[in-house]
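If you want the building blocks of each chain, they are given just below.
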Amino acid sequence: MSRDTARKTDTSPPSSGAGPDLDHLRHLYTQMLRIRRFEEAAARAYTQGKISGFLHLYIGQEAIAVATADLMEPGDRVVTTYRDHGFAIALGCDSGACMAELFGKATGLVGGVGGSMHFFAKDKGLWGGYAIVGSHVPVAAGHAFASKYNQDGRVTLCFLGEGAMHIGATAEGMNLAGLWRLPIVFVIENNMYAMGTPLSRQSPVDDLTSRAPGWALASDRFVVNDVLETRTRLAEAVAHARNENRPALVELLTYRFRGHSMSDPGKYRTKDEVDEWRSRDPLHRSEQQLRDAGITEDALTAIDDGIIAEMDAATAFADESPLPEPAHRFRHNLIEDV
Amino acid sequence: MSRDTARKTDTSPPSSGAGPDLDHLRHLYTQMLRIRRFEEAAARAYTQGKISGFLHLYIGQEAIAVATADLMEPGDRVVTTYRDHGFAIALGCDSGACMAELFGKATGLVGGVGGSMHFFAKDKGLWGGYAIVGSHVPVAAGHAFASKYNQDGRVTLCFLGEGAMHIGATAEGMNLAGLWRLPIVFVIENNMYAMGTPLSRQSPVDDLTSRAPGWALASDRFVVNDVLETRTRLAEAVAHARNENRPALVELLTYRFRGHSMSDPGKYRTKDEVDEWRSRDPLHRSEQQLRDAGITEDALTAIDDGIIAEMDAATAFADESPLPEPAHRFRHNLIEDV
Amino acid sequence: MATLQIREALRAAIDEEMARDERVFVMGEEVGHYDGAYKVTEGLLKKYGERRVVDTPIAEAGFAGIGIGAAMCGLRPIIEFMTFNFSAVAFDQILNNAAKLHQLTAGQFTLPMVFRGPNGAAHMLSSTHSQAFESFYCGFPGVKVVSVATPYDAKGLLKTAIRDDNPIIFFESEIMYANRGEVPDEEYLIPIGKADIKRPLTGTGIGVTVITWGQGLSVALAAAELAAPEGLDCEVIDLRSLRPLDDEAVLASVRKTNRVVLVYHGWPYGGTGAEVSDRIQRLAFDHLDAPVLRVCYEDVNMPYAENLEQLVLPSPAKALEAFREVAYRKV
Amino acid sequence: MATLQIREALRAAIDEEMARDERVFVMGEEVGHYDGAYKVTEGLLKKYGERRVVDTPIAEAGFAGIGIGAAMCGLRPIIEFMTFNFSAVAFDQILNNAAKLHQLTAGQFTLPMVFRGPNGAAHMLSSTHSQAFESFYCGFPGVKVVSVATPYDAKGLLKTAIRDDNPIIFFESEIMYANRGEVPDEEYLIPIGKADIKRPLTGTGIGVTVITWGQGLSVALAAAELAAPEGLDCEVIDLRSLRPLDDEAVLASVRKTNRVVLVYHGWPYGGTGAEVSDRIQRLAFDHLDAPVLRVCYEDVNMPYAENLEQLVLPSPAKALEAFREVAYRKV
Ligand SMILES: Cc1ncc(C[n+]2csc(CCOP(=O)(O)OP(=O)(O)O)c2C)c(N)n1
Ligand SMILES: Cc1ncc(C[n+]2csc(CCOP(=O)(O)OP(=O)(O)O)c2C)c(N)n1
Ligand SMILES: [Mg+2]
Ligand SMILES: [Mg+2]
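Protein chains in written order, with this note's numbering: chain U, 1 to 338; chain F, 1 to 338; chain L, 1 to 331; chain R, 1 to 331.
Bound-form chain U, shown alone (with noise of 0.2 Å):
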């Protein structure tokens, strides 16, 4: 499989030449079409039986793991939520072996013990992929409190729901990141439903970065349009963290264009709210603004192609691996005493 994921490592904003935005503005545009192209693949996969347990796809979304990854420095992390695919995907992960994640094969980036829901990529940044709503926000403090212990200068970026801004965990892991100054940025991706439930039947308050001042979080809110206006934005948020000790709860508005999961049909909204975002798609944008800029639609063609024939290979990488060996769900388990 030959594919591009290479990792756009050079963090600095990116110039005003003309030439190097449109490459950047084409690197963004390829990930965040390759993360929609794999989600669609991982959807057909599941319809054929292929894949099996929850399936929750980030398309809609993918402009916020994109530009995440981009911005990010070695070393810094990322800790997400059961909706993880677009992260692994944008930080480098092959897709192949997200695939084969999905299909509970030996390959699969955890062996196939973890699916969809568990996501770990640590050499990438990819901290993971938690599926208890919440319980991964300590978690990620932990972690930004380990930088702070060793005085390392990572950045870890922990990114939940606006569902997961409701329950206990996320409130301690809130309050000690405040408390102790732990270099972390907080991302809600607030796509205005958790499950089938909608923002106004889990909070009484619209603005979730009305919660910042009690715990001393610095915040920004904003409507993911623009995946390099997204980019910028965290980038000042995570630069505060990195260099100021000041963590931050950045609120994203976005959307998911699909269900929660695969098995839900999507009833509690209306077609029109829908389409309404579906024509805001920060990809669609991404795409027109590389047209403004004068890529050709043979370019874009060749791009979407590319990414295409990636996830059609990936696909079938997951299909013709292995089976975890029957002896290895008693790995890992525990570490075996030396």
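Hints are supplied without guarantee of correctness; some may be wrong.
[Said to hold, decoys possible] Partial pick of chain U residues on the chain F-facing surface, computed with a CB cut under 8 Å:
1) Gly49
2) Ile167
3) Gly168
4) Ala169
5) Ala171
6) Glu172
7) Asn175
8) Gly178
9) Leu179
10) Ser203
11) Pro204
12) Val205
13) Ser210
14) Arg211
15) Gly214
[As the list claims (entries may be wrong)] Cross-link-like lysine-lysine pairs, in silico, DSSO-like; alpha carbons within 27 Å at most:
16) R/Lys47 - F/Lys267
17) L/Lys47 - U/Lys271
18) L/Lys198 - L/Lys318
19) L/Lys46 - U/Lys267
20) L/Lys39 - U/Lys267
21) F/Lys50 - F/Lys267
22) U/Lys271 - L/Lys39
23) F/Lys122 - F/Lys148
Hint data in this document are derived by calculation from the structure and do not stem from the laboratory.
Built from N, CA and C at the ideal position, the CB exists for glycine as well.
For chain U, the structure is supplied; the task is to place chains F, L and R with the ligands on it using the hints.
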């Protein structure tokens, strides 16, 4: 035992004439002093080995319980922590039954099964005495939920230490109360320390009402110097909760003059700090107000003598009371099926 | 008699009890507008409105606690955990409030409430979503614990649970919600504390007492089918009530068969399985011809991969192996 | 050899390991400026500073989670629960993160950490503060569980626990912190997974295997003293490691005595006690002359009143009664 346990049931604010004001103030003072003397008697009994386990005294914070009991309407509820004796006395629980509970006697408020941390007197409006920090906050919200469900017009007052503001259950309970506009007032008794930990090591913010907006709670915050002022301002919050379904978070700045519990030498506070707060003792302020209003020293002495006699009687009652029946350890673990 | 799915039988129980008693309400994530994550509460919001079918944010400790407080006020909450895995964040509320407050208040308050939802592994949900919680909750004095495996039991026991004045932990299963079975049209209640023989002894062959509950039942019954041709005559007892346990039903069978195998979903260390085994060795010591054996999860965190999950779960083949072993027919 | 209190032995273990390994730190409520609620960590803040002795707000899920995250980064946290009762609010963190992440990440992350603190009833702390948590935590695949009853074991096992790369649940007891015993001056480690015979058989009389741990030890030893004049010869085995269990040590004793009584602090339903009993009936079926008996808490929430509490707790007299029963000396 003859004693003044009569609870003021007139819940209208004190009238402006000097007569009623004086009566009211005398009543509040008497109640505060009863708590003080009860706690002192309990401390003595603890030292004598007649009480065991944890004993958390309320000395210094009495004005809060007394103001609360004074403003409550019939059917309103108090839900509080393990620092619960003051509320019991203020709400009109028999001081003998309270002391007997501390002694682990059959005649105790809950038959000797709960001890100091678990005073309950449903009919007096004391809905408990909870010992896991923060754990009572959702429970209290549940009481308020039931009031809303039943449209019974009752308000629940939930008291918590400032130390309980950083634990998950508290955040969840407060968010749900704000979301569902439950008739509840959360009152933080911010006595500056959670055991030996000052607020500055618990939270990055000084003003805990900075958390109220994030849960859409109304808020108020003041130093408890004066029992009448405390009554007035708490009553306002309660009225909003009752009449406008506006839950509130009220932070009261107060101080416990003793250690966290009997086993705490309190070395983490300076003598100056303790003295400073003792000099502002709301109990003494009320005493002075009574003097200013013309009450005689004899009258003051008579009040105290009466109370001391009451507490002596309470202690004797507790001492002489029988232990619980051995078989009662099996009681109430389950309700037997009918 | 109607043929209902377990989810429908549960729904009927809730519906009837809500109709019967204004104090009964349902609370949990997605129970209302979404009609229930697993559709147990489908249609109830429409019928009873938002006052009595209450959607919550993701805040299990919060709404478990609200249920406890409401129960103290005389309401009769049914608290749905989307799955019992999520009750882990409400553990303190159940342990320290629900299970204790009746005793701690010397009976001043009662807690007539049900915590219910699916329990145990479903299919490829990986380790955090595949756990059986009876091992924990059965340990608490102050609660009753029920686990249902048929539509008939589901309806009859849930109705009883809702009417019981104690806090009840009520276990269901995602993978069994669609199972069908006959349910009487007229009202009936099943007492908590009574086991049920789901397959009686035929009297031919070597008798084996097979004790099971919840998702274990279908495994046990399938294993009993496999065992019959080998001359192993299984009496399959569905405990249904895990706390209190129906010692008498268990012992009566053991006295007949002198051999016991437990088949259930859950980890092996401790818990309900070990408790039953311990009681049998203690109360029927002289009746045992072989050690009590247990067929349950392997002692590992549940892996996602289908082949690994299947190996970790109890299976008819593993149960048969255990039947042979207690009958000293081991090959 | 120095004579130390258990709290001092624990402190020495922490101190030595902190001195030895910069990655080790202590976190919990009142561990620093207050010098520890029960003074286990006394003096450590002064010696190591706020970076490595970290006072927390009351937020057990929060700081347990922080410990987990820090461990994933290669630090070696010692998380103190003021008492294990308060770990109930961190149950999910231990169950779903600490016990699972090594497996769930296919070994990418290890969790070298210790959760420690006092466990079980102390004296008149009433029901929410008198609970034994091994019944719950021993059920988790993915952790090791240790319970110590002497200064020697406390130091040697805590040092091993801190060096172990797995998450360890480490149980102590308020009422035993002041117990004294000899502790070698030179460094030593005690392996996790090995039981210890705290009183050997004398070889005269009817042998009884007495299995215990934690606070149960003093009860068991006192009961053994009472039993000796009656010709009941007790071998008292302190399990020390509750997960993994030292089956071999237990079975070796049972094969000699053919009689077993467990004496421990904790509720009777399920848990460690039932697990040990089940293993014995299964692995030593032919060696048992009497059912395995258990002397533990009565199956109720702990009452505050001293007389009731004493009745609920295991006592030497109750243990003696059980010894007589397994020896068929019951009066
Ligand atoms: C403690 C807990 N409760 C319930 C669930 C079930 N659950 C999984 S995802 C989810 C909705 C989460 O919504 P949100 O946080 O907004 O994230 P999104 O799925 O929208 O990305 C729920 C209720 C869970 N995993 N954990
Ligand atoms: C969850 C939990 N953790 C720890 C404790 C131990 N503890 C009891 S009281 C207390 C301090 C509480 O301080 P605060 O809330 O300020 O109330 P105060 O005692 O000052 O009235 C602590 C740590 C507990 N009871 N529950
Ligand atoms: Mg969402
Ligand atoms: Mg305080």
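We went through each hint and held it up to the structure:
no.: 1; hint: Gly49; result: violated, 38 Å
no.: 2; hint: Ile167; result: holds, 6 Å
no.: 3; hint: Gly168; result: holds, 2 Å
no.: 4; hint: Ala169; result: holds, 6 Å
no.: 5; hint: Ala171; result: holds, 4 Å
no.: 6; hint: Glu172; result: holds, 5 Å
no.: 7; hint: Asn175; result: holds, 5 Å
no.: 8; hint: Gly178; result: holds, 4 Å
no.: 9; hint: Leu179; result: holds, 5 Å
no.: 10; hint: Ser203; result: holds, 6 Å
no.: 11; hint: Pro204; result: holds, 3 Å
no.: 12; hint: Val205; result: holds, 5 Å
no.: 13; hint: Ser210; result: holds, 5 Å
no.: 14; hint: Arg211; result: holds, 3 Å
no.: 15; hint: Gly214; result: holds, 3 Å
no.: 16; hint: R/Lys47 - F/Lys267; result: holds, 19 Å
no.: 17; hint: L/Lys47 - U/Lys271; result: holds, 26 Å
no.: 18; hint: L/Lys198 - L/Lys318; result: holds, 20 Å
no.: 19; hint: L/Lys46 - U/Lys267; result: holds, 15 Å
no.: 20; hint: L/Lys39 - U/Lys267; result: holds, 14 Å
no.: 21; hint: F/Lys50 - F/Lys267; result: holds, 25 Å
no.: 22; hint: U/Lys271 - L/Lys39; result: holds, 23 Å
no.: 23; hint: F/Lys122 - F/Lys148; result: holds, 19 Å
Comparing the model with each earlier hint shows a violation of hint 1 alone; every other hint is respected.
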